[in-house]
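What follows is the residue order along each chain.
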Amino acid sequence: MSSIDDVLVIFFGELSEQLVRMNDALLSLDADPAGGHAQLEKFLRDAHSVKGTAANLGFEEMAGLAHWMEELLGPAHYAPGERPAREKVDTLLEALDALRGRGEALAREGMATPTGRQRLEELAQRLQSVVGTTPRKHPSPSVGVALAQPAPAAVSAAGGAESVDESMRVSYRHLREIERRVNGLRQLRGRLGGRREVTASALKQLDAFSQGAADPRLRELRRLLEGLGRGLQEDEEQLSSSIQELDGDLRTVQLAPLDSLLEGLRPGVLTHARRVGKRVSFKLAGGNLQVDRRLFNELKDPLVHLFRNAVDHGLEEPDVRRRTGKSESGTLSIQAYLSGDRIRLEIRDDGRGINLDAVRARAINRGLVSADVAAALTESEVRALLLRSGFSTAAAVTETSGRGVGLDVVANTVRQLQGTLEIQSTLGVGTAFILILPRAQVAEQVFLVDAAGRRIAVRVASVERTLRVTAAAVKHVCGQPLLRVGGHEVRLVSLAQALGLPAWEAPSEGFPVLVLKGSGGERVGVRCDRILGVQDALVRPVPEELAGLEHLAGAADLGNGRMSFVLNDECVLRAPAPAAAPLPTSDHAVTILVVDDTVTSRALHRRVLETAGYRVLTSANGLEALRVLESEMVQLVVTDLEMPELDGIEMLQRIRASPRLANTPAVLVSSLPPDSARGSLAARGLADAYVTKAAYDQGALLSTVKRLIDMKRR
Amino acid sequence: MRGRVRSEQEEELLLRERAKLLSGRRRVAEAPSESFVLFRHGGQLFGAAVRFVRLGVRARELLEVPGAPAHIAGAVSVDAALVTVVDLSVLYQLPKIGIQDLKSVLVVEAGGARLGLASEHILGVKALFRESIVPSPVAAGALSRSMVTETETIQLIDVPALLADGRLRPSPRREKT
Chain Z
1 MSSIDDVLVI
11 FFGELSEQLV
21 RMNDALLSLD
31 ADPAGGHAQL
41 EKFLRDAHSV
51 KGTAANLGFE
61 EMAGLAHWME
71 ELLGPAHYAP
81 GERPAREKVD
91 TLLEALDALR
101 GRGEALAREG
111 MATPTGRQRL
121 EELAQRLQSV
131 VGTTPRKHPS
141 PSVGVALAQP
151 APAAVSAAGG
161 AESVDESMRV
171 SYRHLREIER
181 RVNGLRQLRG
191 RLGGRREVTA
201 SALKQLDAFS
211 QGAADPRLRE
221 LRRLLEGLGR
231 GLQEDEEQLS
241 SSIQELDGDL
251 RTVQLAPLDS
261 LLEGLRPGVL
271 THARRVGKRV
281 SFKLAGGNLQ
291 VDRRLFNELK
301 DPLVHLFRNA
311 VDHGLEEPDV
321 RRRTGKSESG
331 TLSIQAYLSG
341 DRIRLEIRDD
351 GRGINLDAVR
361 ARAINRGLVS
371 ADVAAALTES
381 EVRALLLRSG
391 FSTAAAVTET
401 SGRGVGLDVV
411 ANTVRQLQGT
421 LEIQSTLGVG
431 TAFILILPRA
441 QVAEQVFLVD
451 AAGRRIAVRV
461 ASVERTLRVT
471 AAAVKHVCGQ
481 PLLRVGGHEV
491 RLVSLAQALG
501 LPAWEAPSEG
511 FPVLVLKGSG
521 GERVGVRCDR
531 ILGVQDALVR
541 PVPEELAGLE
551 HLAGAADLGN
561 GRMSFVLNDE
571 CVLRAPAPAA
581 APLPTSDHAV
591 TILVVDDTVT
601 SRALHRRVLE
611 TAGYRVLTSA
621 NGLEALRVLE
631 SEMVQLVVTD
641 LEMPELDGIE
651 MLQRIRASPR
661 LANTPAVLVS
671 SLPPDSARGS
681 LAARGLADAY
691 VTKAAYDQGA
701 LLSTVKRLID
711 MKRR
Chain L
1 MRGRVRSEQE
11 EELLLRERAK
21 LLSGRRRVAE
31 APSESFVLFR
41 HGGQLFGAAV
51 RFVRLGVRAR
61 ELLEVPGAPA
71 HIAGAVSVDA
81 ALVTVVDLSV
91 LYQLPKIGIQ
101 DLKSVLVVEA
111 GGARLGLASE
121 HILGVKALFR
131 ESIVPSPVAA
141 GALSRSMVTE
151 TETIQLIDVP
161 ALLADGRLRP
171 SPRREKT
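Read top to bottom, the protein sequences are chains Z and L.
Under our numbering, the first residue of the first sequence is numbered 1, with each subsequent residue one higher.
Under our numbering, the first residue of the second sequence is numbered 1, with each subsequent residue one higher.
Chain Z extracted, bound-state conformation:
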């Protein structure tokens, strides 16, 4: 049996959905009573379910109100097919709103909170008087009893049975626990990988020890070690596959398309509009943006507040709109999109706009600013006054035709989410509230590309098209490379440069370009080294220490433990054209291949050598290095000795055996001393220089590299 916390989580979640359904059903019944049998059944079924569950959990006031709602539209007091009285509908809508508020208060403040209780009791009495009977008593079982079984599936007017909902609810606590366990599996995979490497190392040592001896016991030992290595690799691969599937399942649970979340708020907005005598159409764009449900839960209250404000104070009454040439029905539109590493939610209405003079006057009247200060405020500063605590009251709204209660609460919530709130408005045209929020995590498709040896993700939503371009297609105007794309000339930038990495002139035979398009229609072509493909990724914010790196919009979890940083396309789109400095040409650059199985050694060598002006390629082992050498012109190799797959000695032996590569200079950088068995073997005729890691010196490495390259050139 679940803990009481889990039961309550499930109850409040289901309550929210039930109330939305009841609201929809009631509005549909009111609009079309003759065709509303199915809607009536839905309403009654949900009311019955709310009553039962609330009673079981001891929420008597909720159970009582749900009971009278059920009675009001039940067979004793309502004949299906007839239009329900307006007073009935309005009271029921108010009751739904009150239940929603009570549920939210209980979830937020705990079961002992009195918030909303009195309103429910008053409404229950009102409904009772409409129904005209004495309310029945409900028992109060102790908390912790299992949920009552839901009402049996109702039989619709058509005579069929409706199917039972097969979904279930999971608390965030459980989801976080599952995430932790998946991470535990990743660590296990890491340990398996380590053990596989130890087995491979043991195999190598056995080979070195046996030196091809025909001892059957050594052969058997070798066979056992090979089998163990293969088994560990298979287990690792299977575990990786399971982790990837679990990641995908977690993502599906944690994230939801924004429109499915916003749609839950729509009935409340329409109901509220109806109550205040206004007509509104609700439009949503960008609703397929997948967002973390937790972020949305934080935003729900501010959004409801903004919607109600738009209806109350933004949109005009139908006759006023008609007189001013607008359609009788106002439009409330919500647009959601990603901008760099932020989510932008724009809530716009086509109403009366904000009267800035009236807002100034009100602010002076309430003592928030002096007359002199008010006169000097810019338009955006005047609009920002609306967000100040103490500004918004009902009276203020009437007098100023401005905004209503609680915008300061909205602003505070957005601030707590580390976001910002902007207001835009044109008198007579409309108003927009723009929420800019850091995204918790968002699932999206990304292009994976290579730039200067680094793997970077670029959001597919930002890419208008991809091209393969030759150097001849690029023209230079005042030193700025330009590309003709679809009738437009766009700037061409190097992705490596945008990331603050060393960049080289593009190869003449061709290179890939991603054409990025911004929300304002601006375009820029981004040159990379390779486009690796498109894949789904979960994009998370960068940690705070990296937040100052403007070129990074987040970190993409590619699944299977791999991650990649995401390019902040806005940073590239709005960056000024770089100074016209010629890039080093790849034709004349010295290319050095760094081979090392440890991330930091590769990164360190690369940093040292790139700073010195060399073009650097990297590989994690000898096998990878040989593949790179097949396709790239490399002037020098810097390599580690001990590596998995193919170590430094074997790699150098193969290089020396190749007619094309035999004279490539090589520097060995190893933790083994040069007079060790393997060290001396490597140094003897295979390497041109040997550096021990313990005595590593950047200057000495660079001078060694320069000396060897100069010797090769002569």
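Calculated directly from the structure, the hints in this document are not laboratory data.
Since this is a predicted model, take the numbers as computed values, not measurements.
For every residue, glycine included, the Cβ atom is placed at its ideal position computed from N, Cα and C.
Relax, there's no trap hidden among the hints.
Reference excerpt, derived from the structure (chain L facing chain Z, CB under 7 Å, subset only):
no.: 1; residue: L63
no.: 2; residue: G67
no.: 3; residue: T84
The hints should help you fit chain L onto chain Z, whose structure is shown.
Chain L alone, transformed into the frame defined by chain Z:
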């Protein structure tokens, strides 16, 4: 062995000496200690108090951060969030001997903030007597304390001070107005 007869004065002196010795031994036996996770990096031995250590992860999955300052070695994924990894040798400009094969990352946590510490080799947990901990000769930022053993010095990391280091706080990003 037969001792000579002591005077009252001598006896009192002797008793005082014994009392002093016994009380000293109790102080040593009761000296509080603190457990530290010891790790080696850049030829230095470091210690981080166990209560601040979240976990150790393999560095194989270290993600390089393009354009990051030199003291940032990369980032790793921990509990579905990215954690920045710093190189203490670079951050505090410690003399670095040779280059290291970064094998693991020690993730430390305090006050809701997390950071990864690049480490060549995590040695394990050791209890250190508080009275052996002295101000560090390095005296750089979060490396304010150390302990000198027979063979080398352990630089003890003040994890909350490290997490509060201004160099790890970003400069404000440009926001649209």
